[in-house]
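Novice: Take a look at the letters that make up each chain.
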Amino acid sequence: MSRKLKINITELCSKICSGEIKCTNIIKSCFNNIKKIDVIVKAFLRLNEECSLVKAMQVDNKVKCETSKYGSLEGIPIAIKDNIMIKNETMTSASKYLENYISPYDATVIEKLRRAGAIFIGKTNMDEFAMGGSTETSAYQKTLNPWNTEYIPGGSSGGSAAAVSSGMVPLALGSDTGGSVRQPASFCGVVGYKASYGLISRYGVCALASSFDQIGTFSKTVKEAALLASIISGKDYRDPICEPLEQINYVQNIDLNILKMVKIGVPKQIFDYKIDNEINECFNMALNKLRLEGTNIIEIDIPSYKYVPALYKVIMCAEVSANIATFDGIRYGYKTSNGTNIDDEYSKSRAESLGYEVKKRILFGTYILSAANYYKYYCHAQKVRTLFMNQIATAYEKCDFIFSPSTLQMPVKIGDKLSEECDIFLMAANIAGLPGITIPYSFSNSGIPVGMHFMGSHLSDKKLFQVANAFEKISGFDIDKYPNI
Amino acid sequence: MFRYEVLIGLEVHMQINTKSKIFCECSTQFGAEANSNICVICTSQPGVIPILNKKAVEGVIKTGLALNFTINRRCTFARKQYFYPDVPKNYQITQFESPLCSNGKLSIIVNEREKIINIERIHLEEDTGKLLHKIGGKKLNYSLLDLNRAGIGLMELVTKPELSSPQEAVEFLRELKNIVEYLDTSECNMEEGKMRCDVNVSVRIVGQKKLGVRVEIKNMNSISGVKDAITYEVQRHKKILNSGARLVQETRFWDAEEKVTKSMRLKENILDYRYFTEPDLVPLYLSNCFIENLYKQLPELPRIKKARFIKNYNLSEYDASYLTSSKMIAEYYEDALSNLDNKNSVTKLLANWISTELSAKLNASKICITKSPISSKNLSKLISLIQNEIISGKIAKIVFEEMYEKSIDPEIIIKKRGFTRISDESVITEICEKAIIESPNAVAEFKIGKKRAIDAIIGLVMKKSKGQADPKLVNKILIKKLN
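Those sequence lines, one after another, are chains A and B.
Just so it is clear: in the first sequence, position 239 is 239 by my numbering, and no numbers are missing.
Just so it is clear: in the second sequence, position 79 is 79 by my numbering, and no numbers are missing.
What the hints contain is simulated information worked out from the structure, not anything from laboratory work.
Where a beta carbon is used, it is the ideal one built from N, C-alpha and C, also for glycine.
Hints are not guaranteed to be accurate.
[Said to hold, decoys possible] Anything over 12 Å on all C-beta distances counts as not near chain A; from chain B, calculated:
{"no.": "1", "residue": "Tyr4"}
{"no.": "2", "residue": "Cys24"}
{"no.": "3", "residue": "Phe30"}
{"no.": "4", "residue": "Leu52"}
{"no.": "5", "residue": "Pro85"}
{"no.": "6", "residue": "Ile179"}
{"no.": "7", "residue": "Arg236"}
{"no.": "8", "residue": "Lys239"}
{"no.": "9", "residue": "Glu278"}
{"no.": "10", "residue": "Leu281"}
{"no.": "11", "residue": "Gln297"}
{"no.": "12", "residue": "Ser326"}
{"no.": "13", "residue": "Lys406"}
{"no.": "14", "residue": "Ile477"}
[Claimed, not checked] Cross-link-like lysine-lysine pairs, in silico, DSSO-like; alpha carbons within 27 Å at most:
{"no.": "15", "chain 1": "A", "residue 1": "Lys359", "chain 2": "A", "residue 2": "Lys268"}
{"no.": "16", "chain 1": "B", "residue 1": "Lys218", "chain 2": "B", "residue 2": "Lys139"}
{"no.": "17", "chain 1": "B", "residue 1": "Lys194", "chain 2": "B", "residue 2": "Lys105"}
{"no.": "18", "chain 1": "A", "residue 1": "Lys235", "chain 2": "B", "residue 2": "Lys218"}
{"no.": "19", "chain 1": "B", "residue 1": "Lys54", "chain 2": "A", "residue 2": "Lys335"}
{"no.": "20", "chain 1": "B", "residue 1": "Lys139", "chain 2": "B", "residue 2": "Lys194"}
{"no.": "21", "chain 1": "A", "residue 1": "Lys235", "chain 2": "B", "residue 2": "Lys480"}
{"no.": "22", "chain 1": "B", "residue 1": "Lys218", "chain 2": "A", "residue 2": "Lys360"}
{"no.": "23", "chain 1": "A", "residue 1": "Lys15", "chain 2": "A", "residue 2": "Lys28"}
{"no.": "24", "chain 1": "A", "residue 1": "Lys376", "chain 2": "B", "residue 2": "Lys377"}
{"no.": "25", "chain 1": "A", "residue 1": "Lys235", "chain 2": "B", "residue 2": "Lys19"}
{"no.": "26", "chain 1": "A", "residue 1": "Lys383", "chain 2": "A", "residue 2": "Lys268"}
{"no.": "27", "chain 1": "A", "residue 1": "Lys348", "chain 2": "B", "residue 2": "Lys139"}
{"no.": "28", "chain 1": "B", "residue 1": "Lys480", "chain 2": "B", "residue 2": "Lys434"}
{"no.": "29", "chain 1": "B", "residue 1": "Lys134", "chain 2": "A", "residue 2": "Lys348"}
{"no.": "30", "chain 1": "B", "residue 1": "Lys80", "chain 2": "A", "residue 2": "Lys335"}
{"no.": "31", "chain 1": "B", "residue 1": "Lys267", "chain 2": "A", "residue 2": "Lys376"}
{"no.": "32", "chain 1": "B", "residue 1": "Lys394", "chain 2": "B", "residue 2": "Lys377"}
{"no.": "33", "chain 1": "B", "residue 1": "Lys130", "chain 2": "A", "residue 2": "Lys335"}
{"no.": "34", "chain 1": "B", "residue 1": "Lys80", "chain 2": "A", "residue 2": "Lys348"}
{"no.": "35", "chain 1": "B", "residue 1": "Lys80", "chain 2": "A", "residue 2": "Lys313"}
{"no.": "36", "chain 1": "B", "residue 1": "Lys80", "chain 2": "A", "residue 2": "Lys359"}
{"no.": "37", "chain 1": "A", "residue 1": "Lys335", "chain 2": "B", "residue 2": "Lys139"}
{"no.": "38", "chain 1": "A", "residue 1": "Lys383", "chain 2": "B", "residue 2": "Lys80"}
{"no.": "39", "chain 1": "A", "residue 1": "Lys348", "chain 2": "B", "residue 2": "Lys130"}
Required output: the full structure, derived from the provided sequences and hints.
Specialist: Structure follows, in structure tokens:
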């Protein structure tokens, strides 16, 4: 698909279904585009050209038959983060351990997208097992920020963010455990949405920290994020955490009046942190724009925000240490060739195939869960989590949404490190199981996008889309602008 | 020499009787081809999530209710972490802080005295797979892994250390097995590994407050093994204590071939399982209604059944105990009884035949009563033949042998072999006359007042009639003739 094609997905889909545009042509131009751009951006780990073209031809044949029924994403290409299972396709989670692993089943979201007619054009790069915020811990390649290739795209779903941002694909899926969809979306200037915990089935997503993991979407617009959410959300008996809700249509028309009706809370704790100047300026401008629309903006107080990075790290690493334990070289995945006994085989298989960041988190998680430290760290973190959630709940008695910059920092150059607090407002949503969406707002002087973040209360996703829709409209961000690559 | 007190605690693992595994839809069928009952969940492929089997929860709660447990209304699951190839996730999903059942008890009877054993908890967990290190007798230089068993639901029951002898431990296990079989919540088949047991043993000098050093024995797969292991271990403790040496806290295993316990790991090496709450499973909230409903489903339990048998069937304590010692025997008895017309007069006779003749036969051929060659229907026919005096007790035994061998209806045997009772007075009179002539000594003794001498003559009559003569008629005719 030409990135110059300024058309929304629903329109494109109906043109494919009416035969006005050939799906084959869309897919072909999509791959032509990828071949030009991805040499530089390196967003994809694997492409699925042959299968995608076959699928596209099937769609075009279907169009010839008058009685055909179409899904709401019929013939639309989508990129999938490489920690989501697509049956019979390789799934590496960007780890050497799973280099040759073929998914034996479809994730629930993949099943649903398949039914909606989407075409899976390839798997995108990520931090190894989603551990990282820069996509640099991938065992395979470093993805670059399409707006400025000296900079990181963010992570862990950096490949999906870069693919959508550079126009290689209109939609992508990622997973968000501590901001892993919204942070790279913000860094790459696209819309990134993470659902309420339990809204989208996690079945078939390689687990990082089970109590935080949610699937998220990448798109150019809020409306497209809502369309994707409408398709992939809903009850699933295979994920006990998944709420027993029917499929909801999240797609709504833009209504600026919503901004007059909602109360937006801004945590006063924002100003306790060092925020990049350009981000701070954008944030203040955004607040002014909201005020001009008649939005009631109030200050809220959530004192335990300061514990967010620590408690996130403790709980995440604890769950990581158990989740990653299954990668032992026994049943599948990397196996050392020179193990002398079972324990030696375990340690060598893991030592040789897992990256530094993964090992660091396993060790940290193992340490804090040991009998001697369990109460001091893990148990304590769970108590603080409850405290934090209670404070958030109190805040939602006064406001409908919590508004903040998506990140406290602009993306850094490849090789440099972001601060621990950078994603604090994104992590908050994971810790409390709340929905969050980042919307591109403006560009920095260096030409890199800046995003703003709305966080809603649990299962307020529909209203969140409404507000985000309106904010997108007033932001003035040119969604038709693409990086020059 | 000191007097010692023995404290024993048991940890019993029982496979919950469900069609599918605890967190996936795989079959729990025993003896299936290796790795045929497996799926993406129980082999721990990336991205899978456990889904709790409601039937397994129900099985544990029913067991808990039968053993007077408190059922916790909010339960959580935990991950117990350790690396071993038979645990595909390298952690086992179990319950740690809030198990399904807390504080139950079981009454056992040892040496005719009742003793109440308190049970700490029953929790739900998943079974592991099986590793195979040899085929036949041949040791392999690699290991084979069968994950058919991985993920089958287990209930683990943990007693307080209140058992004080191997006999009590055996009695506890027997009673538990019996109750669970009545409930049908586990098959408790130790040979198939459906019931397994770890034992904690400590020995202290009588009067000492502090507990003795605790040793855990693993790997027992028969009740007799538990008995032997405890007996061995108690002796070992006493010997060490008598010699003045110190015991070490450790985990040992029972070597069934050598009949000794051997050290597995010392206390310092006890694993740190790094338990934490299972984030993939939501806490389980159990409503009163759900629990009451399960309570209503409980069958009549062995102790109550036994009391009913004594009261309603007028049975002895011994017979009632035997008949209720397993659900299958009790069912067999009541089935047979239901086929009989004059029930009240045959309850004891039927009980006797089951507890003596039938049980001896079944034990000798190691057949379970559910597969008895003599069906309950055929046994009740035999009883009714005896009751109606169509055959004598003696003949009945011969018929019984043939019934057991050929698994056929007693009436067919009687007809074929001409075993029907002779009640024709003239035929019996003829045999009696012959017998009197052949027993001059007995006749003489009878005439001088030794009335018991008649028995010898009756015996001869019965022998001559191949046991078919009606004994009452024989008695009547002989007395008439001799007087």
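Novice: Taking only the CA atoms, is the gap from lysine 383 of chain A to lysine 80 of chain B under or equal to 27 Å?
Specialist: 21 Å, holds
Novice: Take a quick look at whether lysine 348 of chain A and lysine 130 of chain B sit within 27 Å of each other, Cα to Cα.
Specialist: 24 Å, holds
Novice: Quick one: work out the minimum CB distance from cysteine 24 of chain B to chain A and report holds if it exceeds 12 Å, violated otherwise.
Specialist: Contrary to the label, cysteine 24 of chain B does not stay out of reach of chain A, its closest Cβ about 10 Å off (not over 12 Å).
Novice: Quickly compare the C-alpha distance for lysine 80 of chain B and lysine 335 of chain A to 27 Å and report which way the hint goes.
Specialist: 24 Å, holds
Novice: Checking one constraint from the list: CA of lysine 134 of chain B to CA of lysine 348 of chain A, max 27 Å. Satisfied?
Specialist: Distance of about 25 Å is within 27 Å: holds.
Novice: Please work out if lysine 54 of chain B and lysine 335 of chain A have their alpha carbons no farther apart than 27 Å.
Specialist: Violated, at about 37 Å.
Novice: May I ask you to check that proline 85 of chain B keeps its beta-carbon over 12 Å from the closest beta-carbon of chain A?
Specialist: At roughly 5 Å from the nearest Cβ of chain A, proline 85 of chain B sits no farther out than 12 Å, so the non-interface label is violated.
Novice: Quickly compare the C-alpha distance for lysine 194 of chain B and lysine 105 of chain B to 27 Å and report which way the hint goes.
Specialist: 22 Å, holds
Novice: Check the non-interface label on glutamate 278 of chain B: least C-beta distance to chain A beyond 12 Å or not.
Specialist: With a cut-off of 12 Å, glutamate 278 of chain B comes too close to chain A, as the shortest Cβ separation is near 8 Å.
Novice: Would the pair lysine 348 of chain A and lysine 139 of chain B pass a check requiring their Cα atoms to be no farther apart than 27 Å?
Specialist: It holds: about 25 Å lies between the C-alpha atoms, which stays within 27 Å.
Novice: If you draw a straight line from the CA of lysine 80 of chain B to the CA of lysine 348 of chain A, is it 27 Å or shorter?
Specialist: 23 Å, holds
Novice: Given the proposed pairing of lysine 218 of chain B with lysine 139 of chain B, does the C-alpha separation stay at or below 27 Å?
Specialist: 23 Å, holds
The earlier numbered hints that this structure contradicts are 2, 4, 5, 9, 10, 15, 18, 19, 21, 22, 24.
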